[in-house]
Structures are given as structure tokens and as C-alpha cells.
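A.B. asks: Chains as they are written, first to last, in our numbering: chain A, 1 to 121; chain B, 1001 to 1703.
Just so you know, these hints were derived from the structure itself, not from any lab. Please note: incorrect hints may appear among the correct ones.
As the list claims (entries may be wrong) - Computed cross-link-like contacts, DSSO-like style, restricted to lysine-lysine with a CA-CA straight-line distance of at most 30 angstroms: (1) B:K1080 x A:K95; (2) A:K95 x B:K1106; (3) B:K1170 x A:K90; (4) B:K1170 x A:K67; (5) B:K1310 x B:K1404; (6) B:K1156 x A:K33; (7) B:K1163 x A:K111; (8) A:K111 x B:K1157; (9) A:K90 x B:K1079; (10) A:K26 x B:K1170; (11) B:K1310 x B:K1106; (12) B:K1079 x A:K67; (13) A:K33 x B:K1617; (14) A:K33 x B:K1310; (15) A:K4 x B:K1170; (16) B:K1163 x A:K67; (17) A:K92 x B:K1163; (18) B:K1163 x A:K91; (19) B:K1163 x A:K95; (20) B:K1404 x A:K111; (21) B:K1170 x A:K92; (22) A:K92 x B:K1079; (23) B:K1106 x B:K1404; (24) A:K91 x B:K1310; (25) B:K1617 x B:K1688; (26) B:K1079 x A:K95; (27) A:K91 x B:K1079; (28) B:K1163 x A:K77; (29) A:K77 x B:K1170; (30) A:K33 x B:K1079; (31) A:K33 x B:K1404.
Nothing here was measured: the structure is a model prediction, and the numbers come from that model.
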Amino acid sequence: MTHKILICDDSVSIRQMLVLTLSDTKYDVTESKDGMQALELAKQNVFDLIITDVNMPLLDGLSLVTKLRVLPNYRFKPILLLTTETDPQKKKQAKAAGATGWIIKPFDPDKLLVAIRKVLR
Amino acid sequence: MTIDLTQVRGLFFEESFENLDIMESSLLDLEIETFDEELINNIFRAAHSIKGGAGIFQLDDIVTFAHNAETLLDEIREKKHTISQTLIDLLLGVGDILRMMLLASKDEVTYDAEKVQICQNELQRILAKPVSEEIPDDIVQTEIEVPDETEKLVVKKWHIEFKPELEILKTGNDPINLFGELQELGELEVEVNVDEIPNFVDIDPQLCYLTWELILHTSATQSDIEEIFEWVIDECELDITEFNSDSSKNIKVNTENQERTEIVENTTPEIENLPDIPAPENITEKPIIKDVANKHIQSNTDSIRVGIDKIDNLINIVGELVITQSMLDQIGENFNSSDICQLQDGLAQLERNTRELQENIMRIRMLPISFSFNRFPRLVHDLSTQLGKKVELVLSGENTELDKTVLEKMSDPLVHLVRNSLDHGIELPEQRKQASKPEVGRLHLNAFHQGGSVVIQITDDGAGFDTEKIRNKAVQKGWITSEEVITEEQLHEFIFQPGFSTSEEVSDLSGRGVGMDVVRRNIRDLGGSIEVKSTVGEGSRFTIRLPLTLAILDGQLVRVGKEIFVLPLLSIIESLRVQNSLVNSFTGAVEIYKLRDDYIPILRLYKIFELEDTITKLEQGLLVIAEGDGQKIGLFVDELLSQQQIVIKNLENNYKKVQGVSGATILGTGNVALILDVTGLIQLFKNKTKSPTHLPLGAIRYE
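With the rest of the complex left out, here is chain A (with noise of 0.2 angstroms):
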């Protein structure tokens, strides 16, 4: 079963290394460039994992996050944030916002690979 990914980061060249290093595995990944574009698409779709950076116009990771989370389909999907922070605060926020787990921005392939791993098998 092809695991489908939804990324979200409104800058470009994330988003182009985030699909560059997924794009030889057996993921089937999904861009988008705000959270509100991000919501509207996990509507539409059910992703397997949702992969998000904090930082974005219209609508911040961390909201992006509670609201996926009262999402009938979207209520135990992990759920990564793209983070350049590794302050405790802030990663409690992301923990009490509901999500699974976080990616330090910039990130090594082999560790996004691996921190994909941990959550969809």
C-alpha cells in the first residue's frame, strides 16, 4: 500500500527538498504552500501523514494541527512539524496542539526518512 503524504510549507525550496528526498520511496507525497491550502486538501483527501512547518501565512502549523485533529479522519494520523526551534517551550506547544512529532529544519534526508519511518509502517 502506497502511504500518502501531505507536505506543507509555504517556502518553495523546503517543499522541493522535501520531494526531492521522498521521491525515490514509495510515497506518494502531495504539496501544499499554506496551512488553510493544507486543510483543505486533508478535507478532500486522507493522507497518511501530514508533514507541516510552523512558520506560514493564512493559517500557522500549530493551528493547522488542532484543527486536523477534530477531524474525524485525522484524529490518530501523525502529524510532523517542520520546525527550526528545538526550545522545550516550543515543542510542548506542538505537543499540546496534538501533534506526533517534529522535524529540525534543515533537515538530513536520512533523518526525514527515518522520522517518517517511526510513524507510518
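Since chain A is already given, all that's left is putting chain B on it; use the hints.
C.D. replies: Frame of chain A, contents of chain B only:
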């Protein structure tokens, strides 16, 4: 896993420059002592994205600098600073530094590190919270790790007790996945404890009642194991203990962060004391980027972003083209004369398709002029502050599109004109008051389409040209005598002469005497023209006309003898049969044609190009009145042929630059036709007739 970052790198720079533009325009929109959350967030996000991207490419100096800027912006978001002009100026400066650093990294050259340091110090001074000079640890995390080979070799046995909270599944974490990941590290034994599972009726299927005990045989380090549990550390009880080693080295980890880190620190003295672990280069080395492997990146950075709709249009047209082609194919296969109508239809369709394709491809190269205009709010802000003037900048027609190359080449001339308007045009607030004008001067940049060209106007409501000064200067330069009477328009022409500057003292902004002549030359090189209208006390307006594109032009074919030339349709005013009675010949070679109230010099093309077998009697040929750079001239040709769109081929690349000829094209017949450059022809004509070159043609005096 390695991936090719070349493509992403190009994207990163493109995106970062866009982010800098966003940062700058948002900063300029900020109002003093007003907290505009959206604008501040925009600025923050821009700096944040640059930092994040720079991290990918290990541009550590940029990361560090952007990080400090981000810290300040974060403090601004938290309202620790009020928005002041100093703060805005500092952040504008930060943007400039980032731009400089990014440009240097993109081109792989060095930059002025001192400037960075000065700005950095300024940032540090203003920050509420001290910042580190170091690269923020969050960014280089992945690079610092030095694999410790000695530890890898030893397989150890670990005992892991894992008691997740009931709610753990609700964050999307599944213990099974974590175990799977542990299994990647070595051999794993899993024992599940089901004691906590309640009676069947009480079970909430969304909760996790299980706890686990795991035995892991691995050569991985404790931190490798901990990392797997990183995301759930706050939602579980976790004990990681090493078996089979002496008791003093037994490590017990529990979930309280504080304690955990202490223990971890205690257990890693060997790592810290390891002699001379080579520090990763990117941390110690100066920010000089000279990676030979990355050299090829530069070649493909000149890209253009195109809206999907434009591409979709192209695909549509190509689709239609294919249909037309197959239709013509069918007709051609067994053609008989009764099909002629169909053939004509097909050809007409082909022509339509081709034209559409051409137009749409041209559109791809088109960019809105806002790309160029957007830098002016900043420029005007900086300059007016520096000059102590108050200026309101009005932009309009920013969506007018023109060719990317034209746009890029117009950038410097526009900057020059804007600087001139600020420096020489708009007066100081007191002067404006005295002249009973509003204190705040107005500078208007406007762009619009007119016919086949783009017009850009720069209008100010300043003092206008000081005709007296210009006159004195012209006399001083010996261009005119002090008694000579010339029109205002002719006076204005002088500002485009090399070496002209009315500014008594040279300011560092403009008035260095290089300027308007260069501006005009640049615009002419693009096939455009510039003219100026100025009224003393009311202001000046520069009008620039540019071709929409450099690749194709609407041409009028003319014949002179056996040669066919192309005249840009835009430069033609009218064509007429010569009435001999209206031609006046003066001493020397100059013939003047009286057209209504105008006197127009006649340029016999066959003479200037030394052609034979042509019509030499004026009344037998045609006079094409053309305009180049505000001057009119009558080009004498044998006859007019058709009008058509022609593709311009560069003459310089294939032959050499020829005055009076701007390029060449290949006609339907396969013959080459030269494209005439009216402005150049006028120059050539002036030289040949020995008219003074610095004077507009209209001012030529005849004895």
C-alpha cells in the same frame, strides 16, 4: 542518502530574494509606533525562511546573521520594542546585508564581512536578550555529530521499560512503529504487559492500556535509543538501563528532562575529551565559498517563473497546431484543385495558430514592471531622509508587462532618473512652502501600454529645469553662443549631452556629470526613446518609450534599388510623395522638406548606403517621415513594400555593429534584410553632412 541539491539551490536564492523584497516592502509599510501584526509576521517569516533555507546549504554565516535578525523580530512580535524609525532603518539595513550575503553566496564570491559585523553589533546592541555569536545550535545540529566509531563496535544489551500514557495514540504516535525503529538498531525482544487492560465493557478503544519491557542488543549509543523516543518522552515513563556492565556505568534514564540531561552529560566525558576531533569545516572556516563542485550551478540560475496559465495556453495552442497540421496533411495527400478552398482555410488557420503561439511565447518573457518599481519605495525613503526632503512616491500601472531583458536593462536608468528627480527636482520643504506648494513633494512613476510600446513616465512636482542655468552651461560648453535664441525644448535637449550637469557642487547622489547621456544611450540601445517636458516651478516629466519585446518587431519593408530594408513601424510617422516645390536645398548637402509647419531634412538612403540603380529624382520615389529620439527625418526610398512582423537577428553577433542598422532579419524569400535604426541614421546623416553633432537637427543653422 544523497540528493542533488543543485536545483533546490537555485530555487532557494530566487525565493530568498523574493523574501527580501517582501521584507523590505513590509518594513516600508510599517508605521511608527503602530503594531501591525500582519506586517511584522510577514517580515519575521521572510527572515525565518531565509535562515531555514540557508541551513540546508550550510551557509552558516547567513544562518547566524538571519538568526540574530529573527531574534529581534521575535522580540518585536512580543512587543518588547516599539516601532521606531531607527528600528525600521536597522531592519532595512539587515535586509541589505542579507541580500549582499546571499548574492555573494550565489556567485560564490566573498563579501564585505566588516559590514556584516557592524550590522551585527547594531543588532546586538538593540536586542533585549543577548544573542550568541555562535551558529544557533538548532541549525547545525545534524552537522556536529561526529560518529564515535569505537562505541559502534561494541554490542551492548539494553533493558528498556516503556509505559506510555493512556492518551498516547491521540498524538499519532504508535508504539509499534517505535519498536520497529528500535529493531533497526539491533536485535529486539518485546514483552508486553497486559495487566492494566480493564474489563471488556470498560475498554475505550482509543486508549493505550499496554506497557512494555524490551531487551535490545545493539551497538548503538544510548542517545540513539533515546532519540527514537524523542517525540513521546513527555507522554510516557521510560527507563533505559544498560545490562552486563559494571554497576558504576549503569545508566538509568527517567523521563524528567532535567535529570536526564545531567546523566547524559556524565556519561559522555570520553566524547568531550577525545583528542582533536576535527571540527566540521563549515564551522571554523571563514565564510568564503569556493566549492568547485558547485561551479555548474551558476550556469542555470538565469531562470524565469511563469504562471501555469501561460504554459497551459501554450499547450492548447500547440494542440491546435497539431490539428491544423494533420488537416493540411490530409489535403496534401491527394490534392486536386477543388480542394483549394480547404487549403486556404487550413493555411489561414495555420497563420492564426502561429501568431497565437508567437504571442503566447512572448508573454512568457513578460514580467510586470512592479519587479522594477518595487525597489523605489525603499530608494525614495532612503534618499529623501538623506536629503532632508519630504517625498510621497506614487506608483501606478505596476502590472504593465514588458520583456524581462528590457525590464532588467531599464532598472539602472530608472534609478538614475528617480535619483535626479529627488536630488534636483523636488525642493526642500522650506523652499516648497515659500513657493506655496505642499511641503511633501510628489514623485509619480507610471507605466502603461500605448500602441506596441510600453511607456514609463517619471513625474515630479519639483522646481522644474532651471532654463537659465542650462543656458549658461551650454554657453560655457560652447554649444551655443550667448546671443543665440533657441526654444525651451532645445534647451531641455542639452541635459542629454555628455558632460552636462547643472549641479554646482557634485553631490554623492547624482550630478556627477555621467548620467542623462548614459540613460539615453541605454534606452536607445533597447530601441526606445526618452523625452522630457519641464515647466519652471511646476515640475518635470520624463517619458520613456520602450518596445514590448526585443525579439520581434512590426516592420515596414521598403525598397531602395535592389535592396530591401526594414523600418520599425513605430518610428514611422507618415509616408508621402514629394512635391518638388516644398523641397529647399541649402548650401551644403542638406535638403529640407517643408511638411506643414515642420522643416524636415531629407536623407537619401541610396546615398548614405552608396547603392546604385535606384530612383534619384525625389518626385519619383517616396519620402518616409520617421522619428528617432524626438527628431524627425525624411527617408527617401524607392517604394514601400508590405508590413510584417519580423524576427530580429543580432548583427553584432554575426558581423559587427553598423551605425544606422540595428539588426537584420530573414525575409520569406530567404533574403536577408537590414533593419534600419532611425536614431542611428540621423547621427550618421549629421556626421556626413558635417552638421554639429551635439545639436538637435532642428537647430542646424544654414548660411
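A.B. asks: Compare the structure with each hint and give your call.
C.D. replies: Going through the hints against the structure:
1. Note on B:K1080 and A:K95: the hinted pairing holds, with a Cα-Cα distance of about 27 angstroms set against a maximum of 30 angstroms.
2. As the CA atoms of A:K95 and B:K1106 are separated by approximately 38 angstroms, the hinted pair breaks the 30 angstroms bound.
3. For the hint pairing B:K1170 with A:K90, the CA-to-CA distance comes to about 19 angstroms; that is within 30 angstroms, so the pair holds.
4. As the CA atoms of B:K1170 and A:K67 are separated by approximately 14 angstroms, the hinted pair is consistent with the 30 angstroms bound.
5. Distance restraint check for B:K1310 and B:K1404: the Cα-Cα separation of roughly 15 angstroms lies within the 30 angstroms cut-off, and the hinted pair is therefore satisfied.
6. Simply put, B:K1156 and A:K33 have alpha-carbon atoms about 45 angstroms apart, too far for the 30 angstroms limit, and the pair is violated.
7. About 25 angstroms separates the Cα atoms of B:K1163 and A:K111, which keeps this hinted pair within 30 angstroms; it holds.
8. The straight-line distance between the Cα atoms of A:K111 and B:K1157 is roughly 24 angstroms, inside the 30 angstroms bound, and the hint therefore holds.
9. For the given pair, A:K90 sits about 19 angstroms from B:K1079 by alpha-carbon distance, which is consistent with the 30 angstroms threshold.
10. Proposed proximity of A:K26 and B:K1170 is supported: the alpha carbons are some 26 angstroms apart, at most 30 angstroms.
11. Taken as a hint, the B:K1310 and B:K1106 pair is honoured in the structure, with Cα atoms around 29 angstroms apart against an allowance of 30 angstroms.
12. For a cut-off of 30 angstroms, the pair hint linking B:K1079 to A:K67 stands: about 27 angstroms separates their Cα positions.
13. Annotation: proposed proximity of A:K33 to B:K1617 is violated, straight-line Cα distance about 70 angstroms (limit 30 angstroms).
14. With a CA separation close to 21 angstroms, the supplied pair A:K33 and B:K1310 stays within the 30 angstroms bound.
15. This hinted pair checks out: A:K4 and B:K1170 have alpha carbons roughly 20 angstroms apart, not beyond 30 angstroms.
16. Under the criterion of a C-alpha separation no larger than 30 angstroms, the hint pairing B:K1163 with A:K67 is consistent with the structure, at around 29 angstroms.
17. Proposed proximity of A:K92 and B:K1163 is supported: the alpha carbons are some 19 angstroms apart, at most 30 angstroms.
18. Proposed proximity of B:K1163 and A:K91 is supported: the alpha carbons are some 21 angstroms apart, at most 30 angstroms.
19. The suggested pairing of B:K1163 with A:K95 holds, with an alpha-carbon distance near 18 angstroms, which does not exceed 30 angstroms.
20. Pair hint B:K1404 plus A:K111 does not hold up; C-alpha atoms about 41 angstroms apart against a cutoff of 30 angstroms.
21. Restraint check for B:K1170 and A:K92: the C-alpha separation of about 15 angstroms stays at or below 30 angstroms, so the hint holds.
22. Restraint check for A:K92 and B:K1079: the C-alpha separation of about 23 angstroms stays at or below 30 angstroms, so the hint holds.
23. Proximity of B:K1106 to B:K1404 is assessed by CA-CA distance (about 20 angstroms); at most 30 angstroms being required, the pair is judged to hold.
24. For the proposed pair A:K91 and B:K1310, the alpha carbon gap of about 43 angstroms is over 30 angstroms, so the pair is violated.
25. Between B:K1617 and B:K1688 the CA atoms are separated by roughly 20 angstroms; this keeps the pair inside 30 angstroms, and the hint holds.
26. With a C-alpha separation of about 26 angstroms, the suggested pairing of B:K1079 with A:K95 holds against the 30 angstroms cut-off.
27. A C-alpha spacing of about 22 angstroms is found between A:K91 and B:K1079, which places the hinted pair at or below 30 angstroms, so the restraint holds.
28. Between the alpha carbons of B:K1163 and A:K77 the distance comes to roughly 21 angstroms, so the proposed pair stays at or under 30 angstroms and holds.
29. Restraint check for A:K77 and B:K1170: satisfied, since their Cα atoms lie roughly 8 angstroms apart, inside the 30 angstroms limit.
30. Of the supplied pair hints, the one linking A:K33 and B:K1079 holds, its CA atoms being roughly 28 angstroms apart against a limit of 30 angstroms.
31. This hinted pair checks out: A:K33 and B:K1404 have alpha carbons roughly 26 angstroms apart, not beyond 30 angstroms.
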